[in-house]
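Chain by chain, the residues run as shown.
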Amino acid sequence: MFKKVPLLRALKHDRWVRPYLHHYRKTLILAISLGIITFICGGGLMFCAGFLISKSATHPENILLVYVPIVLTRAFGIARPAFRYVERLVSHNWVLKMTSRLRQKLYDSLEEDATIFNSKYQLGDILGLLSDDVHHIQNFYLRTIFPMLVAWGLFAIIVIALGILSPLMGLWMLLVFALMIIAIPLWSVLVNGARQEYEKQVKDDLYVNLTDNVLGVGDWVLAGRGKEYLQLHDENELQVLATEKAMHRFERLRDFLVQMLVLLMAVSLLFWGAARFGGQPGGPANWIAAFVLAVFPLIDAFAPLPAAAQETNVYTKSLVRLNGLNAGQSVPTTNVPQLAGPYEIRVKDLHYTYPHTKRPVLRGIDLTIKPGEKLAILGKSGAGKSTLAALLRGDRVPTSGAVTLNGVATSQFGDHIAGYIGVINQQPYLFNTTVANNIRLGNEEASDDQVWDVLKRVGLAEMVKALPHGIETKVDEAGLRFSGGERHRLALARILLKDTPIVLLDEPTVGLDPITEQAVIDTILNQLAGKNLIWITHHLQGIERFDQVVFIEDGQLEMHGKPAELWANNARYRELKKADQGL
Amino acid sequence: MIDRELFQLAGAKSISKRLAGLDVLQAFLIIGQALALSAVITRLWAGHTLNYLMLLAFAACFTGRQLLAWLSNRWLDDYAGKTAQSLRKRLLKKLFVMVPALVQKQGTGSMITMVVDGISEVREYVKLTFSKVITMMIVPVLALIAAAFLDWKSALILLIMYPLIVLFMIILGHAAQARAEKQFGNFQKLSNNFIDSLRGIDTLKYLGLSKRYSKSIFRSSELFRGRTMRVLKVAMLSTFALDFFTTLSIAVIAVYLGFGLINGTINLFPALAVLILAPEYFLPIRNFAGDFHATLNGKNAFKKIHQLITNPAEKTVDLSLHPWTAEDKLTVDNLQFRYPNGTTIKPFSLAIQGYQKVGIIGMSGAGKTTLINLLSGFLTPTGGTVTVQGQAAPTLDIPEWKQQLLYIPQNPYVFTATLRDNIAFYTPDVSDDAVRHAIHVVGLDDLLADLPEGLDTVIGNGKRVLSGGQAQRIALARAFLDKKRRVMIFDEPTAHLDIETEMDLKKRMLPLMEHRLVFFATHRLHWMKQMDYILVMNHGELVEQGTFDKLQEKKGYFARLMNEMRGEKENV
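Protein chains in written order, with the UniProt record's numbering: chain C, 1 to 583; chain W, 1 to 572.
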């Protein structure tokens with residue numbers, strides 16, 4: 001039956017929860033002990049209070065006879081909130097420690113595939129999702145694992161303590177408590193957990209569906225079909241509602257049953273008390289009130305367990321998703337080749353087919369990029385331009401053929417390739433920090449003067465000077481937004497600081513208007529003069545300044561030559577060039 | 001602390017009354033339970049045998065109380081569910097039928113979060129607020145009265161403790177809040193920072209920094225932990241105060257009752273009953289405090305949704321228009337627009353007649369898209385008048401105008417639906433043959449051949465992502481099928497496409513523009529020759545208008561722009 005609990009299945013091969021439980025076990029044990037003590041104090045308070053007034057009611061001659069219960073009552077009364085306070089601090093601290101580790105682990109897992117991340121995961125939204133998953137695991141610790149361990153500890157103590165007093169009663173309580181903290185939670189997970197999972201599934205679908213249609217809301221409205229969609233959404237929502245209703249019904253029934261178990265405990269304690277201490281007024285009978293009253297505060301430790309158990313199904317998904325990521329243990333690159341300039345890139349009979357697909361994307365590409373040469377790669381979208389770029393940088397390994405930098409395969413460099421090849425891609429990413437920090441990513445040692453120098457070279461010095469805090473301005477501060485052209489210039493500034501001998505540009509000017517585009521191209525070409533330049537582009541603005549132009553079509557080189565040659569000899573090139581200029 | 005608007009929701013009064021009724025009953029059962037249990041124990045204490053009648057009374061009160069809780073939860077689940085449903089319906093209606101501009105204003109993500117998560121939070125909020133607040137107002141009062149009958153001095157202690165608890169919680173709550181708000185800013189920062197690092201992870205990798213950054217993530221997270229713990233130390237004090245006063249008052253009452261019993265001023269039965277009642281007296285406020293933070297999100301969501309729903313819709317103008325013909329006229333007189341951030345479109349006028357192709361050209365940020373949105377009625381001008389088919393109006397936000405529009409943006413939206421549904425979106429009733437014909441006309445044959453289930457294959461974001469060119473072709477196919485709509489509006493349809501795809505699309509677009517009024521915004525030069533009339537935008541101003549030849553002759557901004565855009569034409 002336990003095998004049916006999704007969470008337990010997910011935990012079997014888990015790398016995200018269990019290692020940390022082990023790693024921080026000391027704090028965990030401390031937190032759990034504090035949790036148990038808190039409840040013992042709560043029960044102890046009522047126990048002593050019950051005993052105190054029963055004993056007092058026997059009119060003891062000396063107040064000293066009730067001195068111990070008085071002191072204990074007060075002590076428990078003060079200790080309970082104090083322990084609870086400390087316990088909550090300790091457990092939160094513990095969870096936050098865990099979160100730091102989880103964040104790092106998530107980052108490390110993603111880092112491995114960072115450059116091919118987009119093609120692998122498609123949506124940037126998955127990042128938000130993963131970051132939420134970390135949050136879910138945090139909740140999983142705080143709301144499920146932790147209370148459960150506390151309850152089990154308390155359960156053991158109660159049963160053993162009662163067992164010593166009276167083995168039969170101990171056994172009976174073992175049974176009743178077990179119903180409460182094992183059977184009912186398990187029942188909850190199996191019945192309602194499945195419902196909750198289904199509800200989450202339908203809700204996720206609804207979410208996706210709604211996103212899809214809100215993104216296309218313009219079309220719904222223009223087509224005059226808005227009402228139609230509303231109806232459709234209502235029908236989908238009905239499923240969720242029905243499930244929710246069933247869940248709520250179950251929860252009400254379950255909570256009622258838990259309370260009935262509490263009643264059973266209280267009544268059985270009364271019977272037990274009557275049998276064991278009854279008929280002996282003045283002495284042992286004082287204990288009856290103590291035992292019965294202590295039950296109620298202790299229940300607080302057990303009652304939330306079924307709901308907590310049910311929630312685990314929601315966390316399971318996060319757990320599975322995180323465990324589905326790479327292990328994040330990178331193989332250190334051995335024997336990193338040390339190269340010295342001049343640099344030459346050779347592509348020889350390059351073929352590439354994506355893993356798990358059949359259609360080859362590249363079929364026999366041959367290219368040589370001599371030191372200081374500028375190459376433009378053109379082609380329709382989907383022709384294999386970006387794949388070629390990834391192969392050039394060594395992010396992907398050729399299916400056959402070779403890409404070499406001074407005779408060494410680029411895929412052998414690992415992260416060290418960043419020292420040779422700089423990249424500016426379609427949407428250069430600006431981190432949410434200062435302009436200076438963003439530029440210093442190219443060279444963390446760079447002085448302010450150096451930063452200003454590269455800003456001048458990319459033509460942004462004036463603009464940055466006008467910002468409220470100059471280079472120390474945050475990129476998103478006070479509505480400040482960099483336009484497309486400016487972003488590319490900032491990315492270029494990074495590359496200039498990095499000063500790699502080869503620069504790869506992947507459609508860096510897409511969507512810019514021709515004037516802005518030409519200006520960006522001019523800046524890039526002027527500032528990167530003397531470097532190897534590989535420029536992937538989708539139209540021919542500024543193409544004359546390149547040494548070689550290649551067209552990729554169907555994974556092969558369709559045209560190859562100098563721009564002037566192509567203009568003179570190639571009708572297709574002329575046609576495209578003219579079209580681009582609106583002639 | 002509690003929204004007044006919440007109690008103005010439909011059915012709020014009725015449910016409050018019913019819940020209050022249940023709470024009164026429940027309070028009596030709580031008292032009965034305490035008295036019965038106390039009686040049972042007292043008799044056992046005195047050496048008598050178990051009193052089954054009293055035991056049964058205790059069990060009955062206990063069970064009855066739980067049954068009432070069950071019932072009240074059921075009512076609340078129903079009520080909260082219904083309320084959430086009606087809010088969601090109203091919100092969606094606003095979204096889909098009345099104001100799509102809302103989406104633009106609020107952002108897609110936040111709208112969806114509001115519809116799905118926000119509504120769930122509101123539901124919890126409604127449920128918790130109604131149950132906890134009403135219980136808190138009724139049960140402690142009745143419990144206190146019962147305690148006063150049993151032993152008025154203990155009741156006095158209970159009475160004094162209550163305001164103390166509230167007072168300390170408010171004081172400590174305020175102290176914590178100031179810190180927490182600061183810390184929440186920090187949290188936001190950290191969480192953004194973390195996502196920021198994840199989003200830029202490829203950039204870090206390209207720069208060879210990604211491995212080292214891992215440590216920095218851990219460090220900033222640990223730094224955050226330190227700060228959070230400092231806030232929690234204060235924030236948790238308010239729970240501590242609540243706990244402390246509750247347990248302390250129970251301890252004090254126990255000791256006080258103990259002395260009373262020794263002195264013989266009170267008997268065991270009432271003393272025990274007071275002791276059992278004391279935790280029940282504090283329970284409602286503890287429940288309320290425990291859930292208080294959980295409801296904060298719901299409170300905010302409720303506020304936002306309420307605002308959106310009650311926000312009046314932009315005014316549309318109901319003119320009766322007939323499908324655009326070659327004789328119809330559209331004149332615009334001094335139309336202007338100002339964005340809330342201050343960007344403006346300066347007053348402009350123009351007159352268009354019949355099936356013309358109107359090009360709109362300018363650099364990025366010159367105002368082309370705003371102009372397009374004004375002409376399509378997606379934005380309401382802040383001044384000026386338009387005259388369509390001889391009828392004047394302050395805006396083109398006219399339902400019957402929109403019904404004639406075919407709008408093709410830079411990235412036409414492809415729904416996650418079958419190829420057929422996507423293409424026939426504007427004309428759901430067309431035959432498969434017509435759809436196939438449209439596919440052929442716009443050049444999507446290759447895509448269709450590639451799809452395993454032909455027209456029934458689901459495409460779109462979730463399934464098979466189409467390229468920019470393919471999405472444009474889908475939009476064109478929609479336009480091709482919809483013969484009734486005679487006004488076409490293009491907003492940079494080819495800016496992001498490669499030149500060959502663009503040329504191919506152009507060949508297929510031009511025939512569709514025949515016998516239609518077309519507005520075509522672009523910064524790609526080659527389109528201008530095919531336009532009958534050109535509007536030239538610069539810095540939010542309509543600087544020139546006229547035919548291609550006239551504008552060339554004029555050698556004004558348009559001629560300059562064309563030359564500049566060609567870049568190094570002279571070098572060729």
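Simulated from the structure, these hints should not be mistaken for lab results. Note that this is a predicted model, so its numbers are computed, not measured. Note that CB positions come from ideal geometry on N, CA and C, so glycine has one too. One should not assume that every hint holds.
As the list claims (entries may be wrong) - Some residues of chain C that are not near chain W, with every Cβ distance over 12 Å (derived):
| id | residue |
| --- | --- |
| 1 | 30 |
| 2 | 191 |
| 3 | 578 |
As the list claims (entries may be wrong) - Pairwise CB distance ranges (calculated):
| id | chain 1 | residue 1 | chain 2 | residue 2 | range |
| --- | --- | --- | --- | --- | --- |
| 4 | W | 226 | C | 241 | 21 to 31 Å |
| 5 | C | 191 | W | 300 | 32 to 42 Å |
| 6 | W | 53 | C | 60 | 53 to 63 Å |
| 7 | W | 353 | C | 241 | 27 to 37 Å |
| 8 | C | 232 | W | 554 | 47 to 57 Å |
| 9 | W | 452 | C | 29 | 53 to 63 Å |
| 10 | W | 529 | C | 400 | 38 to 48 Å |
| 11 | W | 503 | C | 568 | 32 to 42 Å |
Said to hold, decoys possible - Straight-line alpha carbon distances no greater than 25 Å define the calculated DMTMM-like cross-link-like pairs of lysine to aspartate or glutamate that follow:
| id | chain 1 | residue 1 | chain 2 | residue 2 |
| --- | --- | --- | --- | --- |
| 12 | W | 215 | C | 553 |
| 13 | C | 370 | C | 553 |
| 14 | W | 89 | C | 113 |
| 15 | W | 93 | C | 204 |
Hints and how they fare:
1. 30: holds, 15 Å
2. 191: holds, 17 Å
3. 578: violated, 8 Å
4. W/226 to C/241: 21 to 31 Å: violated, 45 Å
5. C/191 to W/300: 32 to 42 Å: At roughly 33 Å between Cβ atoms, residue 300 of chain W and residue 191 of chain C fall inside 32 to 42 Å, so the hint holds.
6. W/53 to C/60: 53 to 63 Å: violated, 31 Å
7. W/353 to C/241: 27 to 37 Å: Check failed, 54 Å falls outside 27 to 37 Å.
8. C/232 to W/554: 47 to 57 Å: Holds, since residue 232 of chain C and residue 554 of chain W (Cβ atoms, about 53 Å apart) stay within the stated range.
9. W/452 to C/29: 53 to 63 Å: holds, 56 Å
10. W/529 to C/400: 38 to 48 Å: holds, 47 Å
11. W/503 to C/568: 32 to 42 Å: About 21 Å separates the Cβ atoms of residue 503 of chain W and residue 568 of chain C, which means 32 to 42 Å is violated.
12. W/215 to C/553: Violated - the C-alpha atoms of residue 553 of chain C and residue 215 of chain W are around 44 Å apart, more than 25 Å.
13. C/370 to C/553: It holds: about 23 Å lies between the C-alpha atoms, which stays within 25 Å.
14. W/89 to C/113: Not satisfied, since the Cα-Cα distance of roughly 43 Å exceeds 25 Å.
15. W/93 to C/204: Holds, at roughly 21 Å.
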